[in-house]
Amino acid sequence: MFPFVYDFRWDTTSLVFLGTFFSVVAVVALMVTAASLRSLKNLRGRKIEAIRWHDMFEDLPAPARACRFSISGSARGRVCHNSFECGGCQMFPHLRAWEQHHRDQHEEVDIRSLGFNLHDDRLYHRGHTWVRQEEDGTCLIGLDDFAKRLLGPTPSIHLPPVGSTLELHGVAFTVQSGISTVRVISPMEGEVIEIGSSEQDWLMRVRPAEEPADTKHLLDGRDARRWIEFEMERLHQLIENPGVGATLADGGTPVEDFSEMRPGTDWDGVLGMMMLDV
Amino acid sequence: MDSKLIPRGLERTTLRNFSLWMLFWVILLGFGLYGAYLCLVEGLNQTNMDNRFVFGLWIFLDLTVIAFGAGAFFTGLLLYVLKRHEFSAVINSAVVIGLICYSGAVAVLAIDVGQPLRAWFTFWHPNAHSMLTEVTFCITCYLVVLAIEYTPILLKNRKLKEIPTFLVFQHELHKVLPILAAIGIFLSFFHQGSLGGLYGVLKGRPFAFREGFGIWPSTFFLFVISAAAIGPSFVMLTTVLVSKISRKKLVKPEILHSLGRISGWILMAYVLFKSIDTLVWINRTSPSLLFSPYEYYNQESFGTWILFAEIVLLGLVPALMLLTKKLREHQGWLVTAGILACGGIALNRFVMTIQTLALPTLPFDAFLSYVPSWQEVATFLAVVAYGVLLYSVSFRYLTLFPQERDLNSLARERHVSVRL
Amino acid sequence: MNSSEHLTSQYVMVIDVDRCTGCGACMIACAIENNVSPAHPDATDRTGVTWMRVVKVDSGKNGNGQQARFLPLPCQQCAAQTPCVTVCPQNAVEVDESTGIVFQMPQRCFGCRYCMAACPYHARYFNWWDPEWPEGMEQTLNPDVAPRMRGVVEKCNFCHGRYHAARAAAAEEGHPTSDNVRYEPACAQACPTQAITFGTLADEESGVGELIRSATAFRILPKLGTEPRVYYLSELKWIRQLAEREKELPTGEEVHG
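Residue numbers (numbering that gives the first Met the number 0), protein chains in the order written: chain A, 0 to 277; chain B, 0 to 419; chain C, 0 to 256.
Among the hints, a few may not be true.
Only pairs whose alpha carbons sit at most 16 Å apart, straight line, appear in this in silico EDC-like list of lysine to aspartate or glutamate [said to hold, decoys possible]:
no. : chain 1 : residue 1 : chain 2 : residue 2
1   : B       : Lys202    : C       : Glu96
2   : C       : Lys236    : C       : Asp44
3   : B       : Lys158    : B       : Asp364
4   : C       : Lys55     : C       : Asp15
5   : B       : Lys251    : B       : Glu85
6   : B       : Lys174    : A       : Glu57
7   : B       : Lys3      : A       : Asp276
8   : B       : Lys3      : B       : Glu253
9   : B       : Lys160    : A       : Asp200
10  : B       : Lys247    : B       : Asp1
11  : A       : Lys147    : A       : Asp200
12  : B       : Lys160    : A       : Asp58
13  : C       : Lys222    : C       : Glu245
14  : B       : Lys158    : A       : Asp256
15  : B       : Lys160    : A       : Asp276
16  : A       : Lys215    : A       : Glu198
17  : C       : Lys55     : C       : Asp41
18  : B       : Lys243    : B       : Glu85
19  : B       : Lys158    : A       : Glu98
20  : A       : Lys215    : A       : Glu57
21  : A       : Lys46     : A       : Glu193
22  : B       : Lys160    : A       : Glu48
23  : A       : Lys147    : A       : Asp256
24  : C       : Lys55     : B       : Asp364
25  : B       : Lys248    : B       : Asp405
26  : C       : Lys222    : C       : Glu209
27  : B       : Lys158    : A       : Asp276
28  : A       : Lys46     : B       : Glu161
29  : B       : Lys3      : A       : Asp267
30  : B       : Lys160    : A       : Asp54
31  : B       : Lys324    : B       : Asp405
32  : A       : Lys215    : A       : Asp135
33  : A       : Lys147    : A       : Asp267
34  : B       : Lys251    : B       : Glu328
35  : B       : Lys325    : B       : Glu253
36  : B       : Lys251    : B       : Asp405
37  : B       : Lys247    : B       : Glu85
38  : B       : Lys174    : A       : Asp276
39  : C       : Lys236    : C       : Asp15
Read the hints as simulated data drawn from the structure, not as lab findings.
Next comes chain A alone, as it looks inside the complex (with noise of 0.2 Å):
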């Protein structure tokens, strides 16, 4: 295998057939030292959650992924091809251009969507979180009425201490319903300043990264609507009985505990799909 070892032969074939097992060896070799030396390079550097979310979103179902363009009827089934940051995304500007021109600007937006409390001071995340900007340039986050009736009345919440770090689309908080366990998407960059007590709406006061903080990736009221319908069919979708009609209404409201709509089904699965964490 060597020219040291006794009988090795120096004839051509001998000597491209050891070249090209050498070159695959080192190829090999090679790749796998490099993705090594990358994957240091990313636990020294911290680029753990924003890994954790890009592979994360690439295991999501299609419908998960949609566009928000998609959802509110700009853009026809087209899927998100940058784990929802909006902010680089090329086809953003346009794809806003074009809504903002095409939209009835005098339309009579009803922010209730289907029951579901949506308020128009709060902007909305795609994992279930709402953003709403202070006066004195904090943040505040929380969970939408969506992720309350999902998770039931008495979901266990452990939020970060004061002084955590949040990555946009790092784990904010974890959430603890029955034997799941879901992590919440951070809606923004920034740092715990204060957490919410039991009686306020909101969870986390956050100073953001930068200021103003980027909210491209937000949902305002208007596109919220439409989102959280489209929500309510993906979870219809998801648990679909066929030959079972009914619904998660309530005449007109919606139950307080879905999960109790339907007993057996794979609830822990579902809030996976629902919260973008599986």
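Once you have looked at the hints, place chains B and C on chain A.
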């Protein structure tokens, strides 16, 4: 109980049912390992091979499973080189099957040789002129590549990916997969071919000997083409089988039709080349060594029907079926065509190993027959059991079919009384 | 047959089929000389080790035309495109250029048996069992020949051990140690009818040069191109036809050797 290990959003059977399923295969594995143990400890006299039948059931089945495992490299070719993104639906399953086929074949080879502990001699003192050296090197390299390709699938397990090192490592490995896939294609081309070349270079076996291009006999290329032909079909068949056993939809039907169509085209090309090769062999190659081809087929039970079966019944017929849209899009016919094609490839491997050795070259020796001993059969059953066990664990705890989440509802019960 | 295919220093064996009585003394002498162990109780004619194998051939006719002869088959020591040499994955078999002997290195063989599939003469044997000598019989072992273990391939090597012993003896006596030292393999020595002749083409006393040029000389399966070093002699046409697989016998002008 192990629900936290199962990918989120996928339904798997109860742990009890799964354990019972696994228990059966573990018992079979145990029985098979006993047969293998006897062969290793007592010696190869535990088999029914002899000085004339130097290769038997093991080599025949090794060649067959390696041909079936070609689905791993071929799906990689379709996805990473030809950029046919729809095949990401089956690539993970194909990689697992490839890993099973190759590791199983290597394990059986380790038992088949008389002195397994000396296997490293082939690496230390390689004879580059021997086809078997080429096979050894290529298969070892490819097994390593498959193991590396399996790693990201494994590390993406729901619990394992919570470990940051694993999460980040599989992410980086994923980026280099196209290059690894390209290497896998290169290696596969050579070892599938060399396995054919093993027999095609044997001038001492005029039944198997073929002319060719350069140092490579025509059987080199025929084996590559037949492996490429059967790869997609085998991926399709295993997907259907797993789908039936698990009672889940795993891929969109168009993927299976697509695999069938690709298999059909390559199989048709193979039938064409094989026919030409057979004609050349009958009319020129064999007679030049003073062996009339007809004397190969006047033995009991090994008549010309074998040639007809290989090329027409199990070659041309499934190829035509796979190329006919109406048949291909009907699952029953698709599966039948796939099975026929697999049978044809297996028959080809059988002919090149068993029939080649049954026929004597020396005029004073007789045509012989051979029946495998139970130890040989047991050893191979161990490989099958190992394959099922590894695949079952992978299917339960890893995402082998990315489209599965899209295709199955999370509702469990069919009749639910709705509380309002 | 051109004798220029073999270097004059290389060994050649000539077996006279018409003299062979099928007694099998060559087989026994070979086994004893080369430390082949007694066959395992479960061994058959297909799993035993017989470096020299005597087969019975018959003319295939019935009645008056029925004839049978015995053909001793050692390794044919192929001189060209040696099938077993090209296929061995770890070069465990080589052709010694000086003597022409194809020798197997059992310590490197790992028992893949590819060489056995490649050999057209079915002249290679695998150790399916561990070799075992009954108590007391180990005293018959030949110290010049290494025994082989289970799981490796072996074959006739023209009694290579005797070749080395002859060379050593020649060196001791002060003779120039030429490659083509004269020696006799066990089979040739044991044959009661002296049907086996062995020597180099350069050595005129051995007579092999003349024998291979005779009209009755033939080799087995010459069309395969292996150029075996073992020649056979027989007056009988049917044996020559069988061995050469020629449909018609060539005329007298086409000389065999």
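Quick one, are Lys158 (chain B) and Asp364 (chain B) close enough, alpha carbons at most 16 Å? violated (62 Å)
Quiz item: Has the given pair, Lys147 (chain A) with Asp256 (chain A), been kept, meaning a C-alpha gap of at most 16 Å?
Solution: holds (8 Å)
Is the Cα-Cα distance between Lys202 (chain B) and Glu96 (chain C) 16 Å or less? violated (22 Å)
| request: Sort out whether Glu253 (chain B) lies within 16 Å of Lys325 (chain B), counting only the CA atoms. | output: holds (13 Å)
Lys158 (chain B) and Asp276 (chain A) were given as a pair; does the straight-line alpha-carbon distance stay at or below 16 Å?
Satisfied, since the Cα-Cα distance of roughly 13 Å is no more than 16 Å.
Going straight from one Cα to the other, do Lys160 (chain B) and Glu48 (chain A) come out at no more than 16 Å? holds (12 Å)
Next on the checklist: Hinted pair, alpha-carbon criterion (16 Å max): Lys215 (chain A), Asp135 (chain A). Please report holds or violated.
Outcome noted: Not satisfied, since the Cα-Cα distance of roughly 20 Å exceeds 16 Å.
Does Asp364 (chain B) lie within 16 Å of Lys55 (chain C) when you go C-alpha to C-alpha? holds (10 Å)
If you draw a straight line from the CA of Lys3 (chain B) to the CA of Asp267 (chain A), is it 16 Å or shorter? Holds. Lys3 (chain B) to Asp267 (chain A) sits at ~10 Å (cutoff 16 Å).
| query | Given the hint that Lys236 (chain C) pairs with Asp44 (chain C), does the C-alpha gap stay at or below 16 Å? | reply | violated (29 Å)
Exercise. Given the proposed pairing of Lys160 (chain B) with Asp54 (chain A), does the C-alpha separation stay at or below 16 Å?
Worked result: Status holds; Cα separation ~10 Å.
So if I understand the rule, the pair passes when the alpha-carbon distance is 16 Å or less; does Lys215 (chain A) with Glu198 (chain A) pass? violated (30 Å)
The structure fails hints 1, 2, 3, 8, 9, 10, 14, 16, 17, 18, 19, 20, 21, 26, 31, 32, 37, 38 (numbered hints given earlier, in ascending order).
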